[in-house]
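Student: Use the sequences and the hints to build the structure in full.
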Amino acid sequence: MSEELHDVRLRVNGATHAIRVPARRLLSDALRHDCGLTGTHVGCEHGVCGACTVLLDGRPVRSCLMLAVSAQDADLTTVEGLTEPDGSLSSVQQAFSDCHGLQCGFCTPGFLTTIAAGLEETPDPTEDEARDMIAGNLCRCTGYQNIVKSVLRAAELTRERS
Amino acid sequence: MTTRLFGTKVPRVEDQRFLRGQGRYVDDVLVGQRVLHAAVLRSPHAHARITDIDVSDVLDLDGVHLVWTHDDLTGPMAEPLPLLIPHPALVHGRTQFALAPEEVNYVGEAIAFVVAEDRYVAEDAVGRIRVSYDYLEPVVGIPAARAARALVHDDVPGNVGARLEQENGDARAAIAAAPHTLSLDLTVERSACQPMEGRGTVARWDPDLGRMTVWTSTQTSTGVRGCVAAKLELDLGQVDVITPDVGGGFGVKINHPWPEELLVPLAARTLGVPVKFTEDRREHFISSAHERGQVHHVEVGFDDDGRVLGLDVEFWHDHGAYTPYGLIVPIITSTQLLGPYKPASYRVVFESLYTNTVIVTPYRGAGRPQGCFVMERTMDAIAAALGKDRTEVRATNFIQPDEFPYDQGLIFQDGRELEYDSGDYPASLEKLKQLVGWDEFPAFRAELAAEGRRVGIGLACYVEGTGVGPYEGAHVHVETSGKVKVATGLTTQGQGHQTAFAQIVADALGVRFEDVEVVTGDTRRMPYAVGTFASRAAVMSGSAIHLAALRAREKALRIAAEALEADEADLEIVDGVVRVKGTESQIDLGTVAVLSNPLRYAFDEASKAATQFSVGDPGKPPVAEGEEPGLEGKDFYSPERSTFASGMHAVIVETDPETAEIRILKYAVVHDCGHLINPMIVEGQIHGGVAQGVGGALYERMVYDEAGQLLNASFMDFLMPYVTEVPRSIEIDHLETPSPLNPLGIKGAGEAGVIPSAAVFAAAIEDAEGLDHPGLAITAMPISPSELFALRHQHSSDPEETA
Numbered sequence: 000m001s002e003e004l005h006d007v008r009l010r011v012n013g014a015t016h017a018i019r020v021p022a023r024r025l026l027s028d029a030l031r032h033d034c035g036l037t038g039t040h041v042g043c044e045h046g047v048c049g050a051c052t053v054l055l056d057g058r059p060v061r062s063c064l065m066l067a068v069s070a071q072d073a074d075l076t077t078v079e080g081l082t083e084p085d086g087s088l089s090s091v092q093q094a095f096s097d098c099h100g101l102q103c104g105f106c107t108p109g110f111l112t113t114i115a116a117g118l119e120e121t122p123d124p125t126e127d128e129a130r131d132m133i134a135g136n137l138c139r140c141t142g143y144q145n146i147v148k149s150v151l152r153a154a155e156l157t158r159e160r161s
Numbered sequence: 000m001t002t003r004l005f006g007t008k009v010p011r012v013e014d015q016r017f018l019r020g021q022g023r024y025v026d027d028v029l030v031g032q033r034v035l036h037a038a039v040l041r042s043p044h045a046h047a048r049i050t051d052i053d054v055s056d057v058l059d060l061d062g063v064h065l066v067w068t069h070d071d072l073t074g075p076m077a078e079p080l081p082l083l084i085p086h087p088a089l090v091h092g093r094t095q096f097a098l099a100p101e102e103v104n105y106v107g108e109a110i111a112f113v114v115a116e117d118r119y120v121a122e123d124a125v126g127r128i129r130v131s132y133d134y135l136e137p138v139v140g141i142p143a144a145r146a147a148r149a150l151v152h153d154d155v156p157g158n159v160g161a162r163l164e165q166e167n168g169d170a171r172a173a174i175a176a177a178p179h180t181l182s183l184d185l186t187v188e189r190s191a192c193q194p195m196e197g198r199g200t201v202a203r204w205d206p207d208l209g210r211m212t213v214w215t216s217t218q219t220s221t222g223v224r225g226c227v228a229a230k231l232e233l234d235l236g237q238v239d240v241i242t243p244d245v246g247g248g249f250g251v252k253i254n255h256p257w258p259e260e261l262l263v264p265l266a267a268r269t270l271g272v273p274v275k276f277t278e279d280r281r282e283h284f285i286s287s288a289h290e291r292g293q294v295h296h297v298e299v300g301f302d303d304d305g306r307v308l309g310l311d312v313e314f315w316h317d318h319g320a321y322t323p324y325g326l327i328v329p330i331i332t333s334t335q336l337l338g339p340y341k342p343a344s345y346r347v348v349f350e351s352l353y354t355n356t357v358i359v360t361p362y363r364g365a366g367r368p369q370g371c372f373v374m375e376r377t378m379d380a381i382a383a384a385l386g387k388d389r390t391e392v393r394a395t396n397f398i399q400p401d402e403f404p405y406d407q408g409l410i411f412q413d414g415r416e417l418e419y420d421s422g423d424y425p426a427s428l429e430k431l432k433q434l435v436g437w438d439e440f441p442a443f444r445a446e447l448a449a450e451g452r453r454v455g456i457g458l459a460c461y462v463e464g465t466g467v468g469p470y471e472g473a474h475v476h477v478e479t480s481g482k483v484k485v486a487t488g489l490t491t492q493g494q495g496h497q498t499a500f501a502q503i504v505a506d507a508l509g510v511r512f513e514d515v516e517v518v519t520g521d522t523r524r525m526p527y528a529v530g531t532f533a534s535r536a537a538v539m540s541g542s543a544i545h546l547a548a549l550r551a552r553e554k555a556l557r558i559a560a561e562a563l564e565a566d567e568a569d570l571e572i573v574d575g576v577v578r579v580k581g582t583e584s585q586i587d588l589g590t591v592a593v594l595s596n597p598l599r600y601a602f603d604e605a606s607k608a609a610t611q612f613s614v615g616d617p618g619k620p621p622v623a624e625g626e627e628p629g630l631e632g633k634d635f636y637s638p639e640r641s642t643f644a645s646g647m648h649a650v651i652v653e654t655d656p657e658t659a660e661i662r663i664l665k666y667a668v669v670h671d672c673g674h675l676i677n678p679m680i681v682e683g684q685i686h687g688g689v690a691q692g693v694g695g696a697l698y699e700r701m702v703y704d705e706a707g708q709l710l711n712a713s714f715m716d717f718l719m720p721y722v723t724e725v726p727r728s729i730e731i732d733h734l735e736t737p738s739p740l741n742p743l744g745i746k747g748a749g750e751a752g753v754i755p756s757a758a759v760f761a762a763a764i765e766d767a768e769g770l771d772h773p774g775l776a777i778t779a780m781p782i783s784p785s786e787l788f789a790l791r792h793q794h795s796s797d798p799e800e801t802a
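Heads up: the protein sequence lines correspond to chains A and B, in order.
With numbering that gives the first Met the number 0 applied, the first sequence corresponds to residues 0 to 161, in that order.
With numbering that gives the first Met the number 0 applied, the second sequence corresponds to residues 0 to 802, in that order.
Among the hints, a few may not be true.
[As the list claims (entries may be wrong)] Going by beta-carbon spacing under 10 Å, a handful of chain A positions derived as facing chain B:
| id | residue |
| --- | --- |
| 1 | His40 |
| 2 | Thr125 |
| 3 | Glu126 |
[What the hints assert, rightly or not] Rough simulated footprint, nothing fancy, chain A against chain B, three-plus residues with beta-carbon under 8 Å:
| id | region |
| --- | --- |
| 4 | 26-34 |
| 5 | 491-502 |
These are calculated hints, taken from the structure and not from any lab test.
If you're wondering where the values come from, they're calculated on a predicted model, not measured in any experiment.
Where a beta carbon is used, it is the ideal one built from N, C-alpha and C, also for glycine.
Tutor: As structure tokens, then:
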């Protein structure tokens with residue numbers, strides 16, 4: 000017995016991907032394996048670690064807790080879409096490089112998308128607000144010290160660039 | 000003059016791809032190409048005999064390509080997995096099979112292997128396999144293993160895999176004669192590495208070339224390569240193992256081969272289609288590896304100053320169901336327990352015990368956190384018994400700076416003498432006291448006590464043997480473009496090797512940092528290597544790369560001297576250009592590379608300069624005797640023994656008088672890893688280690704029930720620190736006592752941050768509680784608020800609290 004397939008149109012980073020997937024295909028798997036956007040990482044597949052966070056209509060969501068079919072027509076942004084059109088790093092990405100906010104890089108895409116959305120809402124965070132912003136994402140390498148600095152640095156860079 | 004990069008905070012080159020989402024982790028390999036996906040049926044029982052496996056429903060499922068049980072495996076694949084590190088004391092070493100033949104010994108042990116079109120279908124198929132079991136009594140936890148009412152393996156009496164004793168002096172006699180004695184019982188529970196990326200393997204068999212390519216998320220490419228070749232009966236030369244970007248290791252990925260690391264390549268060859276296995280989080284909890292679980296008994300004798308006259312430690316190590324990694328963890332505990340101290344005599348004996356739980360292999364720190372916990376709790380107990388300051392008792396027992404090299408009279412994990420090469424422990428302690436405000440703490444405590452708040456301070460010291468052998472190697476190749484390609488065989492899982500190693504090459508060779516590209520963990524580029532563990536990468540590969548770059552430099556100078564008609568001694572290499580000092584005469588390294596390889600055929604403008612009518616003395620062979628074509632350097636570094644890094648941590652904690660919640664107010668680290676290649680990277684390693692240490696001390700434990708089920712096998716239930724659980728800041732001070740054992744004077748830094756955590760938190764919490772609960776001792780870690788609450792009740796002078 001073959002699985003029923005569904006035609007789904009995913010709009011990711013401004014481009015449309017027409018994919019045929021079973022109803023049970025997770026959005027995280029669809030992004031990675033069907034759209035080939037492997038920047039989104041899967042760390043736990045139960046919504047706790049935050050590595051798979053993408054932006055859905057600008058809001059951070061865990062792509063491992065969502066089915067691809069339910070993302071039809073939504074506007075998705077993955078880590079690949081954070082980079083500026085000219086290929087340079089966005090403020091959040093540059094801040095992570097400036098502050099050594101990443102080591103193995105596996106959790107990083109989830110932090111970057113989360114912070115990108117967080118700074119839209121809180122463009123000038125205090126240190127406590129920076130901590131709150133990332134309090135739902137796990138990192139096993141950095142001890143978060145430099146990620147907090149990266150949030151503050153990203154806010155600073157965004158101000159400098161605007 | 001080129002600025003020296005060694006010792007500077009060079010931003011990491013690898014960040015560029017990671018930040019753009021362009022890292023290449025193992026699950027990213029072959030995306031967009033035809034690849035099949037594997038899933039594994041794992042034992043749901045901790046101890047059972049398999050009586051039947053029925054796979055008849057599986058192949059009916061659309062999209063399933065293969066299902067294997069042990070009966071389908073032949074030759075070496077049907078034999079047990081290798082025991083990686085044999086030891087004469089490991090008289091009852093046991094390893095599991097790639098797929099269990101008759102008996103399963105832990106929940107999670109692999110029983111059947113399925114390959115299907117995608118992982119979803121593969122898991123559907125796994126769900127259709129029916130296994131019948133005869134249940135056996137599980138052995139869970141150290142007390143049950145010691146009691147040996149049931150046996151994990153019928154032929155291992157008492158569940159004891161190994162018993163090892165080492166002694167320096169006559170500790171028991173010294174204790175008997177000592178003016179003061181104490182005994183302590185100390186326990187550390189199981190935890191695990193939990194890298195954000197689990198295990199994963201992809202394999203592609205190329206029938207045209209007869210070659211197997213394996214990508215695997217490992218800490219040892221060459222180790223996996225050897226195993227794949229041996230098990231699949233291929234020549235080593237037919238197997239390439241590539242470690243792509245790795246999403247964290249922390250030790251667990253040094254164990255190999257995992258069953259999937261063999262089954263995936265075998266399936267790829269059998270099916271003629273690439274196969275991928277990507278572990279999920281639950282699988283990582285129940286079928287990779289854990290560590291830390293040990294129970295210790297200490298007898299110590301000391302004099303009026305607190306000097307340790309005799310130390311006698313007995314401990315029991317829970318190694319789980321099998322022993323693929325030998326006795327490394329308990330050997331490290333038993334030796335590194337000594338830390339920076341020199342007890343007049345020391346005896347240690349351990350038993351390594353079987354239980355029906357996940358196997359145990361090194362986790363960052365690898366037995367040292369337990370050893371440090373034991374030694375530092377002992378130091379604190381001595382200070383309390385004598386009414387002395389805890390730093391004073393430690394200082395009394397320190398090895399002094401003029402006593403190096405200091406031989407502890409034991410054999411270390413690498414089979415070599417436990418001989419410390421360098422360090423300055425009194426200086427570290429002085430720095431730590433300043434950094435944390437040790438002498439000012441009583442005033443601080445009084446100030447907070449006035450507000451009804453309860454705080455405590457603790458410190459802990461450790462020594463870590465880093466850079467264990469046997470060796471690492473490096474290859475440095477200057478291309479005709481002037482770009483420098485560097486390869487070393489050990490792997491990378493977040494340490495920034497591409498940056499740190501490029502710094503070393505830029506300095507040694509005299510080239511621009513941007514022109515250096517470093518590849519790690521690819522057996523095609525460097526087939527001789529060991530792996531990344533034991534804080535060894537910077538020491539081992541860093542040294543090898545330095546030496547290889549110097550060889551390339553020597554060769555460049557020889558060729559350039561001839562081309563420039565100058566004396567080698569008058570040449571310098573700056574930013575990739577060889578020049579005669581103080582003149583305009585120069586030649587760039589790319590051209591030197593062209594000249595190094597005499598050609599018959601030109602392939603571009605630059606190479607014309609190396610063709611036969613352009614270069615060479617007709618009276619001499621084009622490649623001089625003793626030379627090889629190409630501007631390359633290759634070298635290996637193989638030290639006689641490990642180099643010993645050290646450090647000390649201190650923490651100030653606040654405990655809530657009502658809820659027993661534990662809050663970190665200040666965390667201070669003094670660290671000595673010799674010369675720092677990139678201080679930014681070293682500090683990042685310390686931050687991460689401290690956070691993992693906080694997890695291990697206050698939150699993380701593997702909760703098994705009596706049936707051997709792991710009850711908290713998810714990130715919902717196994718509590719890893721978020722930003723909300725780590726110190727708000729970590730104060731760091733470095734001491735640099737260079738190692739005399741390697742050319743760069745470096746020592747390892749990767750594991751250090753996690754080693755003293757259990758010890759330092761136990762000390763601080765006990766200190767915070769001591770005034771209100773006399774006699775309250777923290778003897779088991781991790782400690783939760785509820786456990787602290789219970790301890791308070793046992794040691795309360797307040798009748799209401801004990802009620």
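Student: For each hint, tell me whether it holds in the structure or not.
Tutor: Structure-based check of all given hints:
1. His40: At about 7 Å, which falls below the 10 Å cut-off, the nearest Cβ of chain B leaves the hint on histidine 40 (chain A) intact, so it holds.
2. Thr125: Interface hint status for threonine 125 (chain A): violated (13 Å vs cutoff 10 Å).
3. Glu126: holds, 8 Å
4. 26-34: Three-residue rule met by the region 26-34 of chain B, so holds; n is 4.
5. 491-502: holds (count 4)
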